[in-house]
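Engineer: What follows is each chain in one-letter form.
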Amino acid sequence: MERLNARYGQILLYLLPALLFYTALLVYPVIKSFYLAAFKWNGFAGSAMTFVGFDNFRFIFEDAIFWKSLQNVMMIMAGSILIQIPAGLFLALLLNGKWRGIRVVKAAFFMPVIMSATSIALLWKFILYPGDGLLDGFLTRLGMGDVIQAWLADPDIALFTVILICCWQGIGVVMIIFLSGLVAIPDAIKEAARIDGANRRQLLWYVTLPLIREVTAINVILLVIGTLKIFDNIYVLTNGGPLNATEVLGTYLYSEAFSNNRFGMASATAVVMFVIGFVLTLIANRAMKREAYEG
Amino acid sequence: MMSTITRYNRAAVLSDRTRKKWRKAPFYIGTSLLAIAFIYPLIYTLLTSFKTNNEIFSNYFGLPESWRFENYAHAWVKGKIGAYFMNSVYICTIYVVLVLLFSSMASFVLARLRGKWLTAVFYFFVAGMMIPVHAILIPLAQTSMSLGLSDQYSFLIGIYIASGVPYMIFIMYGFMKGLPRELEEAVIIDGGGLWTIYRKVLLPLSRPVLATMGILGFLSTWNDLILALLFIKKSDMWTLSLGLLNFSGFYTTDYVGLCAAIVLVNIPTIIVYISLQEYVEKGLTAGAVKG
Amino acid sequence: MKKVDWGKSKVIVAVLLAMLALTACGSNNEGTVSTTSPATSEAPKEKVTLRVATAYTPDHPFGPAIDQILTEFTAQHPEVTIEKEFLPVADLDKKLTVDRATDNLPEVFVIFPGASTADYAKENKIIDLTEYLNSDTDWKDGFISGALDSLRFDGLTGIYGAPLGAYSTGFYYNKELFQTAGVEPPKTWDELLAVIDKLKAANVTPMAIGASESWRAEHLYTALFYKWNGTEKAKQILSRELPYSSPEAIEPFKRMVQLVDAGAFDKKYVALNYAGEVADFNNEKAAMRFSGSWAVGESTGPNSPEGFGDKVGFFPFPYFTEKEEHKDSWMGGVSDSFAISTKAQGHQKDMAIELVKTLTSPASSKIIIESAHDLTAVKAEVDPERSGKLIAEVSKAMGTGKEFAGDVSAFEPAKAVNSKLYDLTQAVLVKGVTPEAAVKQLDAEVAKSQ
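Protein chains in written order, with this note's numbering: chain A, 1 to 295; chain B, 1001 to 1291; chain C, 2001 to 2450.
Some hints could be false.
[Unchecked claim] One-sided excerpt, in silico: chain A residues whose CB lies under 8 Å from chain C: (1) N42; (2) S47; (3) P130; (4) A153; (5) L243; (6) F258; (7) N260.
Hint data in this document are derived by calculation from the structure and do not stem from the laboratory.
All figures in this text were calculated on a predicted structure; none of them were measured in a lab.
Ideal placement from N, C-alpha and C gives every residue a C-beta, glycine not left out.
Take these sequences, add in the hints, and give me the full structure.
Structural biologist: Next comes the structure, spelled out in structure tokens:
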């Protein structure tokens, strides 16, 4: 491809449409928003924007709820990665075949992905309805009534419930991304390994896994960024409650902007989220690359 | 006449095959059970949509006392599903076509050409993945006002494209980087340029990722609520997800109507998924054979 | 690549066409002509568009009635096009937040009077209706007494909205279950605790409350606050004379805990949402609940069991024998009110005022009360057959009330403290935090917002 004497102008043309929309409708608003982080504003057009320097950031870092949000985000991130990556891979390996009905099964695992956050919240709230809801009723019938907790209302349990629900929804995407990687492995390599006497487990460990490193990295990075920004599901399920037990950076930002009318603080939170996301992505990227050198 | 040996062999072969099938049975059954357990919550929504609002609090498990198909008729009217359906289809289809086109073009040059500034552009795009949309709602609204575009879908679709591009480029980049170079070389030798490579080599090979991204892109916009809420002004221009808001009153919600509406709203996404999934399958197998 | 590369040009053309398509299409052409005219309008019937943003979605009890009223209005004023922006309260709030940030408020929109909506008036975004009210005394007198005062804001002299929604709170109880347990509706707090005991003895869950929704706790706190302190005291929160850690403000928290400790609620009350509270009451799993007058429709409307409405009775919130002077202090007042944006001009402004007048007229009020089985802030001649006995019972009981005031949170001007108040009343109700700790946090947040 280096032989191709493509002029810069021509290359730019291919980048232009994406760049145009991206810069005008994402980068530019972001810059405006980050700029607002140094001001205090009450949200009325034409109303004074007072310069406060780093005050907004100071308020955030002194706010215990901010740190709780950060902690929760980290826990959701860890939980999601630890659950969804192995489970998604397991499903992908399971469904990497051509038997009858496999498409239906794949579709079944992908169905939660297609539902909106409102739908997810609605049905899970019913399932977790206290006392006679689906889950509690089921447990009682099995005689396990004392296992019942206030799944979404108990501050100690709510976060785990939320993590599980998010994983339930997200596994489908992880699965199909893994599948696309698995299918790209040429059969020839697998045959060669089998001829060399490799059994199923060795095939998996020494042949398959290394070859899907790229898609694993993609899945991990998507999960990192996705959980960092997570908002919709949490907002409709618990709105950060009970008592901020499920508060995340996204809901914190949202409540600063829309409940407390403190747009400067909301912007400051956005800046912090961006920096964290950037750092985490760099780390994740390096970690994946380093394995490539070792492997 | 078959000798006993042949008959014995054939019997052995047959029972071998059936034995293999039976050995796989637990696998099939297990997977199916897992799948059913996984989507049970959705089945539950379906069942709920046939009940009455009072029944859902007293009869959780069971089948509806009577199957109220009229819930669907009511939901269709209350959620203005007929009217909003075309709106949603219009927005999502245009978005998917444009975002796939723009993202693939950009990923193409980013992934297949070399250059330091190209890498910078790539990171520039990827950084956009980390922006939470709520942080930019007000600046976007201000831009929309000053451009005077608040009566149309163009601004909304534009925002969708702007926020979809980072993800799409990120994933397509990874995919395209791994594509074989031989076909490109062939085109270059024949005197073709970027466009020919893009059209004749890259696009066909990228079908699986394009189809997958198409599905995910369609889903994200079909279900989007906050951006549609803020950037669609006229109520007859609403999308299906906005129509769902009609089921919430002051303190209460029409749950059964909402469930019925959710089922109706999700049918197109299932159709899109199934049709694109076939495409993904075809593309996947084609890619595997070539590689 | 010396040859002309048509392929590249195709891309450019395609992209440009696509972008043109985006800008050209996309608007649903229903022929709505919108003109916002400057004040120099000579032609009386010039076309105007009014954006009306309310919470009256089809599922809202007022929804069908409001639709009917609007249709009649446009029939009477054919030059007016009404663009409805009807959304549930939470989403309406988001939209208005963005609208006011971009100077794009709708011509007519709903506000819920309270200290935090005072900003609209302070920033001169909504018009003062005093002169219009004074020039149309029929309209002004149509409001129930005290309703218009709720639309005055501290430090300003005008009346900034026209109220439509009104409510009062109290206890709704299942007459049959009470009979079975042999209890009568209590008048005092101690009687209430005794009733709770008797109901428990008869194996009936005394009360249902959807504690997982914070506004339930906040309402309970408010009702207790007024019964203990009277409604005037709440104004001291606004003036910051009354810190949250003062005994007057802590006591309602303590009484909430007392209610929980008395075993008034089923063990799952912590996780129950409002819909569940309504369901438990309607399905006769709980004998009573504390709610507002909108609850009447919840027990008599189409979503409730057949004939259940006849079993429901009402009694006012019990008073404290130690504070008998406040026994007629009710939590209640005005809720949804219509404000008009200062951006409306000329004929558009006139029509906006006309629309608001129509919406808050006795005729409209009658339609609403009869279809929604709820109260409004506008007096009306209601047909008791259509509105039902229960709402009549509630209205009669309200006649005994001497002073009414809305949510305590409406007296809290700092938005951040306002949100915290909701969170903390809920926390105390579910016993996640002690009253002392809760008020400390509230005062800390107040200090932060100074």
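Engineer: Hint by hint, note whether the structure agrees.
Structural biologist: Results of checking the hints against the structure:
1. A least Cβ separation of about 7 Å between N42 (chain A) and chain C falls short of the 8 Å threshold, and the interface hint therefore holds.
2. A distance limit of 8 Å between C-beta atoms decides the matter here; for S47 (chain A) the minimum to chain C is near 6 Å, and the interface restraint holds.
3. Evaluation of the P130 (chain A) hint against chain C yields a held restraint, the C-beta minimum of about 4 Å falling below 8 Å.
4. At a threshold of 8 Å, the smallest CB-CB gap from A153 (chain A) to chain C is about 4 Å, leaving the interface hint in force.
5. Because the smallest distance between the Cβ of L243 (chain A) and any Cβ of chain C comes to about 5 Å, under 8 Å, the interface hint for this residue holds.
6. A least Cβ separation of about 5 Å between F258 (chain A) and chain C falls short of the 8 Å threshold, and the interface hint therefore holds.
7. A distance limit of 8 Å between C-beta atoms decides the matter here; for N260 (chain A) the minimum to chain C is near 4 Å, and the interface restraint holds.
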